[in-house]
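There are 2 protein chains.
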Amino acid sequence: MTGDLIYVAVIGAGGVGSHSLNQLNLLSKSYPNIILVLISRATKSLRALDPQKGLSLESWEKDLDASTSPALSIEQTIQILTLLPGSCVLVDNTSNQDVANAYPECLRRGISVVTPNKKAFSGHISLWKQIQEAAYKAQPGHDTKGLVYHESSVGAGLPIISTLKDLVDTGDKVLKIEGVFSGTMSFLFNNFAPVDGEGGKWSAEVKKAKEAGFTEPDPRDDLNGVDVARKLVILARICGLDIESTDSFPVQSLIPTELERVKSGEEFMEKLPQFDSSMEELRNEAVKEGKVVRFVGSIDVGKKALKVGLEKFGRSHPIAGLKGSDNIVSFYTERYGSNPLVVQGAGAGGAVTAMGVTADLIKVIQRLS
Amino acid sequence: MTGDLIYVAVIGAGGVGSHSLNQLNLLSKSYPNIILVLISRATKSLRALDPQKGLSLESWEKDLDASTSPALSIEQTIQILTLLPGSCVLVDNTSNQDVANAYPECLRRGISVVTPNKKAFSGHISLWKQIQEAAYKAQPGHDTKGLVYHESSVGAGLPIISTLKDLVDTGDKVLKIEGVFSGTMSFLFNNFAPVDGEGGKWSAEVKKAKEAGFTEPDPRDDLNGVDVARKLVILARICGLDIESTDSFPVQSLIPTELERVKSGEEFMEKLPQFDSSMEELRNEAVKEGKVVRFVGSIDVGKKALKVGLEKFGRSHPIAGLKGSDNIVSFYTERYGSNPLVVQGAGAGGAVTAMGVTADLIKVIQRLS
Chain S
5 MTGDLIYVAV IGAGGVGSHS LNQLNLLSKS YPNIILVLIS RATKSLRALD
55 PQKGLSLESW EKDLDASTSP ALSIEQTIQI LTLLPGSCVL VDNTSNQDVA
105 NAYPECLRRG ISVVTPNKKA FSGHISLWKQ IQEAAYKAQP GHDTKGLVYH
155 ESSVGAGLPI ISTLKDLVDT GDKVLKIEGV FSGTMSFLFN NFAPVDGEGG
205 KWSAEVKKAK EAGFTEPDPR DDLNGVDVAR KLVILARICG LDIESTDSFP
255 VQSLIPTELE RVKSGEEFME KLPQFDSSME ELRNEAVKEG KVVRFVGSID
305 VGKKALKVGL EKFGRSHPIA GLKGSDNIVS FYTERYGSNP LVVQGAGAGG
355 AVTAMGVTAD LIKVIQRLS
Chain U
5 MTGDLIYVAV IGAGGVGSHS LNQLNLLSKS YPNIILVLIS RATKSLRALD
55 PQKGLSLESW EKDLDASTSP ALSIEQTIQI LTLLPGSCVL VDNTSNQDVA
105 NAYPECLRRG ISVVTPNKKA FSGHISLWKQ IQEAAYKAQP GHDTKGLVYH
155 ESSVGAGLPI ISTLKDLVDT GDKVLKIEGV FSGTMSFLFN NFAPVDGEGG
205 KWSAEVKKAK EAGFTEPDPR DDLNGVDVAR KLVILARICG LDIESTDSFP
255 VQSLIPTELE RVKSGEEFME KLPQFDSSME ELRNEAVKEG KVVRFVGSID
305 VGKKALKVGL EKFGRSHPIA GLKGSDNIVS FYTERYGSNP LVVQGAGAGG
355 AVTAMGVTAD LIKVIQRLS
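Taken in sequence, the protein lines are chains S and U. Everything in the first sequence is counted per the working numbering, starting at 5 for the first residue and increasing by one. Everything in the second sequence is counted per the working numbering, starting at 5 for the first residue and increasing by one.
In short, the hints are calculated from the structure, not lab data. There may be inaccurate statements among the hints.
Since copy identity is lost for identical chains, a pair holds within one copy or between any two.
To be verified - Calculated cross-link-like contacts (lysine to aspartate or glutamate; reagent style EDC-like; alpha-carbon spacing at most 16 Å):
(1) K177 to E293
(2) K141 to D8
(3) K33 to D173
(4) K133 to E248
(5) K307 to E137
(6) K57 to D8
(7) K149 to D8
Given the structure is predicted, the values throughout are model-derived calculations rather than measurements.
Chain S extracted, bound-state conformation:
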């Protein structure tokens, strides 16, 4: 089927999206059958006048800036793709729930989905099940080929989802998954409770992380633990566990109860120093045991138990020794025995997140062509 055209639509052209589009440009040199038919971002969109020719991957940024067309809804996007005479891929670089909700419809229409968006896979299990059902399998009833890949929904470009899928699909028994799944939390605790030397005050470290761009605009969106919980839900479901939602298991929030309802991120940052002593206490408690405190997530597959929160680790433990904003994920399985399969590295950032998206897109293109 050499040369069959593959039509690509990209939603989101911000931090991840712009890297993703630039990597797509590079990819099109090896796969000249890729045609970019539309880009849509929050405020505007750009459509190819001639879908057989597509948009320019060299000048997409300038062309999108110059466009006067409003953003397209996901329904409009699906309509446009459905009318094209070949295989289509939707690259969703947003973290939008509405777009996520439309994945089953995409897949049923044979539109493949590639995305770092966690929403669809970590939301209510009904959506997860609809996606699994609609995604192509080599079984009767699947005439159109809608594939779905979402490597970057956990650990950005790190090979975490693909590795877990390979373990499961080849018949290994995954026993436990444990790790640091948030670049922000990693950065905060590597600095607040370093293995060597002393860390600063908790509120000062949060401020530093915020200023370095390692937190959401309102740091509470990182400190509530929900981001880590979402990633655990995704991995647990790949292991076959029917986790209903992120509310189904204990998730420790690092937001002091008193600050949960303050109005703005600014007010939160102002008041946070009042609560430094309780974090200080946790740090000292660990130090007394010769340990350091880290914010981790774990899945005990046999017990169907997921957990997100603070734990203490010996100074020589790989989780204690993490650097910068790195993630680490350890897969304990029957085949790998007492020493886990470990993947480690940057788990956030535009370029590495886009890398996971592009690597997924390559797999989809290879399966479609």
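Following the hints, position chain U against chain S.
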């Protein structure tokens, strides 16, 4: 193309091969379109009487034992596959050079190849180039779809080759690759020069490793460094370096010159204690610097420099802290910056090597169906 039959031939049914066949049995539950048409091992073979029905994946072991047919040559195997009316995959679980030499012919005939066999990818570069040329690309001139996957040729089932390919294919610039690539060497040095406590005498550790089944029958086949050199050649070529062969760069052998020509592994083991003092010296030299000695391989991509041999590492370095017979590979790239992407875990053993083979087979089946 739901339900298109995929014919699979498996060569080698030993340590890796038997695990691979058992995993294939499991896989056939999800992919009922897989048909096992032949198994061939050193002394005998088994062919499906009716290629549309295939061999039993449940009783293959018993059936192969009972077979009176002699082993098939790779030429015979290719002939059989060529006559089948659909997509074919050759699973080569041997480390045989003749089979490796036949990959280009397989690919040209549209037979896909999945293998842990290092020989084809680490031998002379002419064979590597023939394979790359013959393998399917979405380009004119490739009418039949011969795909080639060899994850387990480096680090068994660990996601090393797939990760490196993703980095390269998405346009990251790989700067350096460094790691412990041999389970045997890892086991030897983790015991000989542990981070905590004292190791035994060198010859005693080699004996222990041999008795635990962690070495080749003649341990010199591990100690000469060639196995590590082969793996480096494979990774370097994926990075785009034209490395002619394992003779193209410095490879340190741990076989004392005086013992290179002794006749048997037994005689080698008998005489090895005479050389303990030189290894002792290396260990002490490292200890004085607060370090431990490890057997590593590295690729400096920019300088096109490959190197295999002993190096010293600080006690807190991840390479120093390895356990058991684990491998570790660090990818330093432009996107990942100062902290590398790291993959770690068991890099040898029948089940995990077969896992890499089976995961590759899934990818091939997905692309063919």
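Now the hints, each set against the structure:
1. K177 to E293: neither (33 Å within a copy, 42 Å between copies)
2. K141 to D8: Cα proximity of K141 and D8: across copies only (13 Å, versus 21 Å in one copy).
3. K33 to D173: Between copies only: 11 Å across chains, 32 Å inside a chain, cut-off 16 Å.
4. K133 to E248: within (11 Å within a copy, 50 Å between copies)
5. K307 to E137: Classified as neither; 26 Å inside a copy, 49 Å across copies.
6. K57 to D8: Classified as within; 13 Å inside a copy, 32 Å across copies.
7. K149 to D8: Classified as both: same-chain Cα gap 14 Å, cross-chain 14 Å, threshold 16 Å.
In this structure, the hints that do not hold are numbers 1 and 5, in rising order.
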